[in-house]
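*Asks:* The chain contents come next:
Number of protein chains: 2
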Amino acid sequence: MEVETAVLQKKNTNETQKEEKYWQYHIRKRIYRHVPITLWIQRYNKMDGLADVIAGVTLGLTLIPQSIAYSALAGVSPQYGLYSAFMGCFVYVIFGSIKEVSIGPTSLMSLLTYEYTRNLTPDFVVVMCFLVGCVEFLMGFFRLGFLVDYISVPVTSGFQTATSLIIIVSQMKGILGVKFHSSGFMDNLCKLFIHANETKFSGDFALGISCIIFLIFMRKLKDIPISEDTTKKKVLKHTLWLLSTSRNFLIVVITSTIAFGFEYNGKEAPFALTKNVRSGLPPFQFPTPPTVDNHTYMWTELLIHPEFRNSIVVIPVIAVLANVAIAKAFTTEGTIDATQEMFALSFCNILGSFFQSMPTCGAFTRSAVANASGVRTPLAGLYSGILTVLALTFLTPYFHLIPRATLSAVLITAVVFLIDWEICKPLWTISKKELFVVVFTLITCLSFGVEFGLFVGVCVTVLNLVFKWARPEIDIETILIHNNSNTVEYNLVRPSMSVYFPAVDLVCNKVIKSAARPVVVDCHHFSNVDYTAAKALSTLIRTFKDRGQTLIFFHISPKLCRTLQHAGCESLVHANTDGELYSLLFGYDLADFSDKPFQVLRGIECIANSKDAVPLLKSPQRRMSALE
Amino acid sequence: MEVETAVLQKKNTNETQKEEKYWQYHIRKRIYRHVPITLWIQRYNKMDGLADVIAGVTLGLTLIPQSIAYSALAGVSPQYGLYSAFMGCFVYVIFGSIKEVSIGPTSLMSLLTYEYTRNLTPDFVVVMCFLVGCVEFLMGFFRLGFLVDYISVPVTSGFQTATSLIIIVSQMKGILGVKFHSSGFMDNLCKLFIHANETKFSGDFALGISCIIFLIFMRKLKDIPISEDTTKKKVLKHTLWLLSTSRNFLIVVITSTIAFGFEYNGKEAPFALTKNVRSGLPPFQFPTPPTVDNHTYMWTELLIHPEFRNSIVVIPVIAVLANVAIAKAFTTEGTIDATQEMFALSFCNILGSFFQSMPTCGAFTRSAVANASGVRTPLAGLYSGILTVLALTFLTPYFHLIPRATLSAVLITAVVFLIDWEICKPLWTISKKELFVVVFTLITCLSFGVEFGLFVGVCVTVLNLVFKWARPEIDIETILIHNNSNTVEYNLVRPSMSVYFPAVDLVCNKVIKSAARPVVVDCHHFSNVDYTAAKALSTLIRTFKDRGQTLIFFHISPKLCRTLQHAGCESLVHANTDGELYSLLFGYDLADFSDKPFQVLRGIECIANSKDAVPLLKSPQRRMSALE
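Protein chains in written order, with the UniProt record's numbering: chain A, 1 to 628; chain R, 1 to 628.
It is possible that some hints are incorrect.
As the list claims (entries may be wrong) - Calculated lysine-lysine pairs in the DSBU-like style (CA-CA distance at most 30 Å, straight line):
no. : chain 1 : residue 1 : chain 2 : residue 2
1   : A       : 468       : R       : 29
2   : A       : 468       : R       : 559
3   : A       : 232       : A       : 220
4   : A       : 46        : R       : 513
5   : A       : 328       : R       : 468
Claimed, not checked - For the chain R half of the interface with chain A, some residues (derived, Cβ under 7 Å), not all of them:
no. : residue
6   : 149
7   : 152
8   : 426
9   : 427
10  : 434
11  : 460
12  : 462
13  : 465
14  : 470
15  : 535
16  : 566
Said to hold, decoys possible - Simulated coverage check for chain R against chain A, where a stretch passes if three residues somewhere in it have a Cβ under 8 Å from a Cβ of chain A:
no. : region
17  : 498 to 510
18  : 528 to 534
Hint data in this document are derived by calculation from the structure and do not stem from the laboratory.
The beta carbon of each residue, even a glycine, is placed where N, CA and C say it ideally should be.
Here chain A stands alone, though its shape is the one from the complex:
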């Protein structure tokens, strides 16, 4: 949007302003919004191009091994990972608005794909990808981007940590070489402890551990502090950085070469290898519902399939959340357009499904790579996509050589750094309630599945917001005003926020209980109320009238006045300026008022909130002091 403004401004200086018609402006704005490439391509220069090529290739070196690993996590053959890794890249170049996002298989999508299709064939995965794309389109069309605003950072953090832990534990099983059937994270973890003594120090174990150590060491390599004062040192630093960034690719190449060595010598490798992979590019075909046991599913049947149906709601929400979270983490300029991300993801998934893709979204780990590689525009995705296509065309015959332990190591080292320890310290200081939300979301995700945990976490935070409407802070102040001859004491009741139905009883109670002197309700913070509140305020006004006590509404908006009138309020005393208020309190005519000098003394002050419901009554002493 920022960029858009700049471009439009340039245009406007060339042409005269009035030539541009209103609707032209609007169409262009729409196009800029929904096809972001039209916006940034105008400023694209050679330096951007170079930066994007470097970033794109670096990204590709992470994308390819990760895709293969994530396909294993999703429970499908390795080629599906690569099938998912190119179309999204190409489409996102055109429709994407966040340059750091790298569309493709992700840990989250793979985990959810596995959860929903573990007992189904890969055809279901492709159909799911298509339906997910359609739902994302509908979400974009109905502008449901705002839904993501309701997922707070503590919930995201707990959710993300939970997915990381689930993936690590699921991969540890393979690396430790223990065998058992399990369902869910908790069961997995328990059985892992029970079976820990059965750990076989086999080739898988040795390879897995070595790969993890290698990957973590390589990750740290780029952080070695080398001053860039000489050209040599500069080159060294850049080489180290490149080695570090392409560590996933390197480990896959190294371990595959070892496996190739064994195969070449006619021996069996001492570690498990990947299954044989179908060669070449995927065929282009419209996704059709799969046939199982001679029964071809209908689209409608899929929508009510007990295992399947939830996925097409859960996955789109989480995909959009992931993209927006990436944007929030990396973007420094401009703003995030969640609705546009929904459209972009939708096209990525729908077109991806024509090439046998599984559901895709932006990946956190790759976004960090993209950011560190100095990506300039989403065009970087083009190069990583091309790299994936090349890998599919030329490298698939060698994919069966990739050891499974290597893929597990790639997965573990990718997600272990997503465990969000850092959030605990600030939350401990700022708000223990929010820390509880993190822990609660984490535990629920681990115990009952990530999507349920996310949902419950959102519910808890939203309920907290709902609760806030019921317990506004209400300041009650006793104020003395003197003029030459008289003194008037009144209570000023000031709710800190709008008063809607959950809070109105509390406010009325405060006003009724505040004391036997005139009460002034300060309406600064609410320009209107709902019918329930209006009814209650009308009753309050009647009560005060019956009691013969003065009740003045201060700074009431004309809208609120009308609402009260329609809700049956017969007599409303209100003042809009200090002068009006004082003259009402002293019982003067307004005209007389201007002559008289007033002195305002602010007396006993107390802030009442839910915990301290009746401050003036808290103890007899205090009450008396308020009354005397």
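Starting from the known structure of chain A, fit chain R onto it as the hints suggest.
*Replies:* The following block gives chain R in isolation, referenced to the frame of chain A:
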């Protein structure tokens, strides 16, 4: 509470203030709160006593026929209605806090009882009453009274109209003499139209219609305008009022006498009569889970019984809602203590269940009677309870003479005036959205059951509140300040309410897009933010720093300062007074500031809300004027 204050105040003037210990005060406060009789009995005088006797007896004359009718509605024998009508009255005298409430069977409770136990024996109804009482106690103990605050007037209105319509339609079947099986309101209504031509002009029909006409006529009787200038006219007016108020009792006596006439002459009455009724008071016994087909239920089994389990959550909530709604409608002084009402209802139902009661709560129709009879304290309930006990002791042998059509007429005329037409007009003027809530709740109640409709209605209104957190109004103002030599132009961004996670992106977007001049964020309306918002604001501050644009937080609270710091904000520019703000904008030292005269001009003003997301960009013309 008001009364409490008054009493305490009197005490304080007698004793010296310091003699009363803090804890003594608190214990007394507790007792006054939870056993309200201890409070009002101190001021009870002869006039109160007389008023309560009159009101209590009048109330009894409505309570007895209504109880019999409501037991028919609940699908149990007539004696259960009376069994439910005395214990609650006695208990509420002690624990009740709303003088207009008359505990006993109500249309709402009967309807729900029928819904949950239509296929079960009356033993289940008694056990349900006990469990409902227990749940009400727990709700009171955990101070869940606030839950009722979330049920707004439009939802209550839709719900109440729906229950009235359901009851009327269910009773019309009996009066029209058509026979069909139906499930739910919609089905009932359709079949009623289909079978309308089968209407038999039998004795039931004639009697039912006559009774309805009689009851409506009698209801209007008390509204006849008679001046009270002579004693005769006064007596006439009071007689008419008494006749009108005891109309339910009268019609039952009259029609039963007709039936007795037929029986006495050895003929069969031309209309259906009530089944034979067990005579005398109910035995006192602890409610035990019922035995069905030689299987004695366990308490735990009841809690998971498919038909039964929902009732013990739904009925307590609705019972408390009913009592609070009555309080809101009739009370003119003091405030409503929903938690205490939960305790009172709990004791009424638990003790009631020892005497075979069905679930009870306060009834709207009877409260109107109590109010019109000039009730002074809950003691009136004692007299209506005694009247019910007398009826049970002496009149049960004659109960079989009451014609069923009379009971239907009593029910219909009781609920027909609960249909809330009046709310439509003000809501049409004030808020169409709230009118939609009424209609939506009504339709959902009629289509899917009243408790589901209530739940959905609450959800809709609460979601609307949640949505409000995401779309705060944000004022953006461009302000020019001059001093002798310089001019500074800045944008003042002022969110109208607290900024929590759903709104923070919107606020940040507004600030980022507001323009290239210094931006001042007015934090008047938020004293603190949550972690998500703090994180986003920190990013915002960093973005402005990177852009080299000034961003000043105005009137920031120390708490908010700390939160931002802990959330990772490194540099925060803030001002707490106009002086500080202006000197920051002009780049002066604070010390220099006091000498310089300033002139403030408020420039272009616009209010941005969700519908008008980018006001400065709305059209090129407008944007330019804002930029130049």
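*Asks:* Which earlier hints turn out false for this structure, listed by number in ascending order?
*Replies:* Of the numbered hints, just 11 does not hold.
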